[in-house]
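K.L.:
Read off the chains here:
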Amino acid sequence: MENKNIDNKIKNLTKELKKLNDKKFKVMFFVYDTKGVPSGSLTYIYQTAYKLKELGYTVEMLYAEKEFVGVENWLGEKYAKLPHFNVSKDMVNSSPSDFLFIPEVLADIMGKTKTLPCKRVVILQNYDFMTELIPAGVTWGHMNIHDCITTSQNLANRLSEVFPDVVTKVVRPCVDDIFHNDGKEKQLIFNIISKDQNDINSIVKPFKWKYPMYGFVSFRYINGESKETFANVLRESVATIWNDPFTDFGISALEAMACGNIIIGKIPESEPEWLIKDGVIQDNGAWFYNTKDVHSLMASVVQTFMQDGIPHDIYDAMDKTVAEYRTDKQSADIEEAYVKGLFETRKTEFEYMLKALETYKNNGETKEK
Amino acid sequence: MKNITIIIPIHKYEEELLERALKSVPAENEEYEIMFVGPLDLCYKAEKLAHKLKIATGIVNVENKGETDFVSQINKAVYACTDQYFTILEYDDKFTDNYFNVMQRYIAEHPEYSIILPINEYYEKGENGELKMVSFGNEIALDMSFVDEMGVINSDELDKYMDFNCTGGLFKTEDFISLGCLKKSLKIAAWYEFLLRAAYKEKLIHVIPKIGYQHTIGRDGSYMVETQKTITPEEGKFLVKLAKQEYFFKEDRNKTFEEEKNKKVEEVK
Numbered sequence: 001m002e003n004k005n006i007d008n009k010i011k012n013l014t015k016e017l018k019k020l021n022d023k024k025f026k027v028m029f030f031v032y033d034t035k036g037v038p039s040g041s042l043t044y045i046y047q048t049a050y051k052l053k054e055l056g057y058t059v060e061m062l063y064a065e066k067e068f069v070g071v072e073n074w075l076g077e078k079y080a081k082l083p084h085f086n087v088s089k090d091m092v093n094s095s096p097s098d099f100l101f102i103p104e105v106l107a108d109i110m111g112k113t114k115t116l117p118c119k120r121v122v123i124l125q126n127y128d129f130m131t132e133l134i135p136a137g138v139t140w141g142h143m144n145i146h147d148c149i150t151t152s153q154n155l156a157n158r159l160s161e162v163f164p165d166v167v168t169k170v171v172r173p174c175v176d177d178i179f180h181n182d183g184k185e186k187q188l189i190f191n192i193i194s195k196d197q198n199d200i201n202s203i204v205k206p207f208k209w210k211y212p213m214y215g216f217v218s219f220r221y222i223n224g225e226s227k228e229t230f231a232n233v234l235r236e237s238v239a240t241i242w243n244d245p246f247t248d249f250g251i252s253a254l255e256a257m258a259c260g261n262i263i264i265g266k267i268p269e270s271e272p273e274w275l276i277k278d279g280v281i282q283d284n285g286a287w288f289y290n291t292k293d294v295h296s297l298m299a300s301v302v303q304t305f306m307q308d309g310i311p312h313d314i315y316d317a318m319d320k321t322v323a324e325y326r327t328d329k330q331s332a333d334i335e336e337a338y339v340k341g342l343f344e345t346r347k348t349e350f351e352y353m354l355k356a357l358e359t360y361k362n363n364g365e366t367k368e369k
Numbered sequence: 001m002k003n004i005t006i007i008i009p010i011h012k013y014e015e016e017l018l019e020r021a022l023k024s025v026p027a028e029n030e031e032y033e034i035m036f037v038g039p040l041d042l043c044y045k046a047e048k049l050a051h052k053l054k055i056a057t058g059i060v061n062v063e064n065k066g067e068t069d070f071v072s073q074i075n076k077a078v079y080a081c082t083d084q085y086f087t088i089l090e091y092d093d094k095f096t097d098n099y100f101n102v103m104q105r106y107i108a109e110h111p112e113y114s115i116i117l118p119i120n121e122y123y124e125k126g127e128n129g130e131l132k133m134v135s136f137g138n139e140i141a142l143d144m145s146f147v148d149e150m151g152v153i154n155s156d157e158l159d160k161y162m163d164f165n166c167t168g169g170l171f172k173t174e175d176f177i178s179l180g181c182l183k184k185s186l187k188i189a190a191w192y193e194f195l196l197r198a199a200y201k202e203k204l205i206h207v208i209p210k211i212g213y214q215h216t217i218g219r220d221g222s223y224m225v226e227t228q229k230t231i232t233p234e235e236g237k238f239l240v241k242l243a244k245q246e247y248f249f250k251e252d253r254n255k256t257f258e259e260e261k262n263k264k265v266e267e268v269k
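Here the protein sequences line up with chains S and E, keeping their order.
Under my numbering, think of the first position of the first sequence as 1, with each following residue one higher.
Under my numbering, think of the first position of the second sequence as 1, with each following residue one higher.
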């Protein structure tokens, strides 16, 4: 009886291992619907999913909303065309060789999927989101989650302070190639990227009061545009005011940089690694801690731009920063973290388990003899 | 090959100011030509100074014996101009350091632009004789609440605003001539009427977001101040009205304020 069980286990495990070897296992990403509103976090997940699809894996996007709008309008068809499944309607099966990636904010999904046989991994992009839905006292470990993909070493370090047993791998966000500087002359337009539309008042009005001479400077609040429109808008402007103090990374600032915008940015609490290295603020933008300082920085950008005197050094520093987050870097990170770090490791685990089962079975048979 | 002629009208020889202006022109540069226009003796003096300062390589003097008013000087110089573009430097003004670099970039990127106007900085003399900046010029074309398309001046904008400053602007020589050049009878409204005509003929007029020209205002002896002294407020209004009527015509129809006044008197009679 026991041998029969072991045989079954060996058979199943061999089947799962074969799936892993043949790339026939599923790589599932749980996503949430933003109802057509662009989201940096979702972009990151879709970029990862698409890359894995390109590498030949079977990718599935899972969602729970009854009416799912998706990403086509703002992220584009290529991402929207990834296979999507509604977990409440479609039959979504999983097996031990499969992987399910869950965004940090969806703690309820982590709990509900606790008994699934697949490997579950959290994608952590925002530390604050992680704490949103999870009950106090409950850890990821309680929900059988021991692996995490995150966007920076800073965030990995913060996670290890609360969940030291979670193994974390870093995959950098990626600045899509659509965000590039076309080298054309810029217009004197300041974009404002901020989660709070009230920033327009606190930034624009005092600027016009303090510097009436620059009353002709135009401002544009960017929110909800498709990726193409966003890139085009950035490309024609000289600067972007970036105010996202609670972000853990700030990909939109890098996208603006990639389009040749001088970033006038409030330094986020998390101090992203592309902005502050070893405690030193980088020279890749005009940075401030206090909003009252933004106006003088804006005035100095207007003045130097109109005098055609923005130093090349700042553009060089911007290019250098963005180069660290281009598609090639993210692809390399994905290969390292997903393919080698998770899929290959899973394979090795299965091989060891198989070997152990076979040894156990052989030892049993020897004893019986 | 040269591609920009810098026209410098000389109606008076004031060496200190001219030296300041000439120093803002690229030195010994194959791409630029200086063209002094005015009475020949003044042009020669200016040329001598330019050589002394090692400014530009080609200097052409255009003699203007009779009509030394600004419009006539410019038209005469433009007809003598062989380069693709020209700009105008008044001898009491100056270009900013990057003016020529900036303009070369814009004409390379936008060969379709017929007129490129930089942002001007207006200076006036302070109490102690020092120049101080008082305002910008042409910047209204960058204000999205004023223009339909940033930097573009078309008929709608010209209908609302007339004070664009064209000295320091870069003009396509061929377009300027084909449009019929400036009209002398429009006097202080000559540039305004020309812009209206250019917009009417669908020439592209762009104000670029770069400071390119430093303009001294209210200086005694300057062409503008001297001209303004001869024009009454009534004639000023008449000239603006005239500009709005005459831009349909290529030729200068030589309408004058006197004629208008006489016509009114006749009508009253």
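Keep in mind that the hints were calculated from the coordinates and are not lab data.
Mixed in with the good hints there might be a few duds.
What the hints assert, rightly or not - Quick list of the computed label-pair ranges, beta carbon to beta carbon:
#1 T34/S x N98/E: 41 to 47 Å
#2 V134/E x I281/S: 55 to 61 Å
#3 E130/E x Q303/S: 55 to 61 Å
#4 G183/S x E174/E: 49 to 55 Å
Claimed, not checked - In silico negatives: residues of chain E with every beta carbon more than 10 Å from chain S:
#5 E109
#6 S135
#7 E139
#8 N165
#9 P209
#10 V240
#11 V265
Quick reminder that beta carbons are idealized off the backbone N, C-alpha and C, glycines included.
K.L.:
Now, for every hint given, state plainly whether the structure supports it.
P.N.:
Evaluation of the provided hints:
no.: 1; hint: T34/S x N98/E: 41 to 47 Å; in the structure: 44 Å, holds
no.: 2; hint: V134/E x I281/S: 55 to 61 Å; in the structure: 37 Å, violated
no.: 3; hint: E130/E x Q303/S: 55 to 61 Å; in the structure: 20 Å, violated
no.: 4; hint: G183/S x E174/E: 49 to 55 Å; in the structure: 28 Å, violated
no.: 5; hint: E109; in the structure: 6 Å, violated
no.: 6; hint: S135; in the structure: 7 Å, violated
no.: 7; hint: E139; in the structure: 5 Å, violated
no.: 8; hint: N165; in the structure: 15 Å, holds
no.: 9; hint: P209; in the structure: 4 Å, violated
no.: 10; hint: V240; in the structure: 23 Å, holds
no.: 11; hint: V265; in the structure: 44 Å, holds
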